[in-house]
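Visitor: So the protein sequences, as listed, match chains E and C.
To convert a position in the first sequence, counted from 1, into the working numbering, add 40.
To convert a position in the second sequence, counted from 1, into the working numbering, add 40.
None of these hints come from the bench; they were simulated from the model.
One thing to keep in mind: the hints can contain errors.
[Said to hold, decoys possible] Here are the in silico distance ranges between beta carbons for each label pair:
hint: 1; chain 1: C; residue 1: Met42; chain 2: E; residue 2: Gly118; range: 54 to 64 Å
hint: 2; chain 1: E; residue 1: Asn77; chain 2: C; residue 2: Lys220; range: 27 to 37 Å
hint: 3; chain 1: C; residue 1: Gly189; chain 2: E; residue 2: Arg174; range: 46 to 56 Å
hint: 4; chain 1: E; residue 1: His322; chain 2: C; residue 2: Gly126; range: 17 to 27 Å
hint: 5; chain 1: E; residue 1: Leu110; chain 2: C; residue 2: His272; range: 44 to 54 Å
hint: 6; chain 1: E; residue 1: Glu226; chain 2: C; residue 2: Trp102; range: 58 to 68 Å
Only a predicted model underlies this, so the values are computations on that prediction, with no experimental measurement involved.
Just so you know, even glycine gets a beta-carbon here, dropped at the ideal spot from N, CA and C.
2 protein chains.
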Amino acid sequence: MMVELRRDPVVERWITIPRERAIDIDSLFSIEEASPNDPCPFCRDQNDEKEIDSIRDAQGHWVTRVFADLRPILRVEGTLSRGAKGIYDRMNGIGAHEIVIETPEHALSWATMDSRQLSLVLRTYRQRSLDLRRDQRLRALFIVKNHGGMASHFQHPHSHIVALPIVPLSLIEEIEGGEKHYAYKERCVWCDIREQEMNDPERTVYLDDRYLVVAPFASRFPFELLVLPLQHHADFASAGNDDLDMLGRCLRSTCEMIQRRLRDASLSIVFHSAPFQNPPEHSFHWHIEIRPAISKLAGFEWGTGFYTNPIPPEIAAAHLRG
Amino acid sequence: MMVELRRDPVVERWITIPRERAIDIDSLFSIEEASPNDPCPFCRDQNDEKEIDSIRDAQGHWVTRVFADLRPILRVEGTLSRGAKGIYDRMNGIGAHEIVIETPEHALSWATMDSRQLSLVLRTYRQRSLDLRRDQRLRALFIVKNHGGMASHFQHPHSHIVALPIVPLSLIEEIEGGEKHYAYKERCVWCDIREQEMNDPERTVYLDDRYLVVAPFASRFPFELLVLPLQHHADFASAGNDDLDMLGRCLRSTCEMIQRRLRDASLSIVFHSAPFQNPPEHSFHWHIEIRPAISKLAGFEWGTGFYTNPIPPEIAAAHLRG
């Protein structure tokens with residue numbers, strides 16, 4: 041399906057819309073769910089020719105591999121063309137949408153996967169980020185990991201990598217917030233958060249030499265978590281192998297805590313890293329947001345941007361620490 | 041339950057958090073649903089002493105009435121105190137959270153209610169907006185109407201009015217977007233949208249002398265709708281009785297279309313009006329957003345702010361017009 045990108049004329053928000061006009065509206069009303077009897081698309085032998093990237097063991101067997109998504113949000117093929125339609129801005133749907141198959145083993149999760157394997161998944165992300173940024177049309181990359189029935193159709197451990205020709209609004213907001221703080225204080229706001237949280241560990245759920253995991257002071261959702269590298273870097277892909285080994289351990293412990301203390305809640309994990317072009321090196325600090333899918337967003341939060349979180353992060357952290 | 045407001049240190053987003061520490065975390069995992077056998081709290085005789093406001097007929101019977109919400113997000117009582125905790129900003133949860141009971145009749149909706157009754161509901165909103173702004177602590181007001189099982193626990197027609205001591209992020213974004221456009225073009229961006237859509241009615245679903253309803257060019261959600269007054273006003277409460285009569289008809293028709301063409305989908309309706317203090321008179325244009333609850337937000341939209349809408353607004357509009 042071909043899509044186009046459209047920009048909201050009021051706020052800097054880009055969305056994708058199909059270009060086709062023949063759309064089955066009825067299908068929207070039926071919920072599509074993978075049946076447990078369906079063969080897993082990530083277990084089956086993939087067509088090796090279509091493999092974009094992989095990490096292989098000494099015997100040449102893949103341990104992580106990357107394919108283009110079968111139903112991509114955006115496609116790499118074509119020339120990026122920007123245009124206007126009256127007051128509106130649009131461009132064609134150029135970008136990349138890749139699927140990382142995180143392990144050959146179907147039934148694992150980040151809570152049960154060996155942290156060494158998780159480190160290889162993180163290296164795969166880094167490889168893709170370094171490769172995709174060579175495409176001058178692309179501006180920003182998101183890594184999104186969904187786990188559990190409320191967040192993902194498929195059980196087999198996998199994640200999405202989406203490279204966009206625009207910078208999405210939520211990243212623009214963070215960049216502008218970081219720049220404002222930096223302009224005023226000449227300090228990174230996330231470095232300030234790190235200091236504050238390390239002085240007052242009430243919201244901390246995990247800490248090692250390189251990473252801190254906290255329930256953020258102004259958490260939007262119950263048990264929302266922020267994974268913050270202690271060292272300032274704007275770009276996730278600047279992490280070395282040692283960093284990724286430690287990050288694998290950190291994420292494994294954090295997901296284990298969620299599994300144990302939150303009844304294996306479904307969750308979404310999103311990596312926030314600086315855009316590729318003119319990255320704000322000093323004022324942006326890469327980080328990971330984790331949102332367990334526990335209570336549903338009510339109508340009020342949507343449309344007002346005003347979140348009412350029933351669980352104070354101090355309580356969330358204490359509950360997760362156990 | 042007492043709450044406090046907390047500000048995200050990176051973006052200007054305020055959220056509420058309970059002040060109590062004794063919280064039943066298990067209750068989060070059970071979905072609370074009103075049983076059809078429960079007595080309707082909005083049909084039962086309310087304690088008249090607790091009535092905040094009402095519109096009454098010639099016989100003195102109420103036709104709309106307003107109460108404080110039994111589980112308010114924010115409370116009016118107390119003094120607004122702002123404070124810092126290290127790098128973080130907080131204030132106590134001062135504000136108003138009111139419930140409008142829209143009619144004595146339990147089984148109506150905006151698709152079946154007489155448009156004259158709907159106009160009285162809109163006048164009630166205006167009364168509350170004019171009254172609440174006299175409280176100097178309050179900055180912005182949202183009116184939120186939820187309909188249907190996916191959006192609301194209760195069937196009896198009701199809506200929420202929430203007045204906040206802060207301006208929520210989604211409104212700040214719209215104000216800043218409007219100001220940017222105005223600074224550059226000396227025109228209101230919503231007036232420009234009105235012109236554009238009236239020249240090219242492909243996305244229009246309703247038009248009369250005073251209101252236009254369109255599926256927005258960059259719709260985030262399938263069948264998202266924007267209700268735009270043709271005349272420029274920053275403040276919803278500036279609407280006269282004639283305006284509200286017409287708006288009642290407009291909203292009745294629009295909700296009827298959604299009921300008929302979208303299988304009576306659940307929906308959320310949010311009124312966006314200028315903040316009370318220093319309202320941006322020229323660059324902000326009040327409007328209403330309608331979001332039918334059809335497809336669920338997936339993990340990717342959350343956390344990236346990048347929406348992939350499967351239904352082009354041109355198709356959405358054609359389908360609604362029938």
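Visitor: None of the hints should be skipped; say for each whether it holds.
Guide: So, going through the hints one by one against the coordinates:
1. C:Met42 to E:Gly118: 54 to 64 Å: With a Cβ separation near 56 Å, Met42 of chain C and Gly118 of chain E satisfy 54 to 64 Å, so the hint holds.
2. E:Asn77 to C:Lys220: 27 to 37 Å: Violated, at about 53 Å.
3. C:Gly189 to E:Arg174: 46 to 56 Å: holds (49 Å)
4. E:His322 to C:Gly126: 17 to 27 Å: holds (22 Å)
5. E:Leu110 to C:His272: 44 to 54 Å: Holds, since Leu110 of chain E and His272 of chain C (Cβ atoms, about 47 Å apart) stay within the stated range.
6. E:Glu226 to C:Trp102: 58 to 68 Å: Cβ of Glu226 of chain E to Cβ of Trp102 of chain C: about 59 Å, so the range 58 to 68 Å holds.
Of the hints listed earlier, the one the structure fails to meet is number 2.
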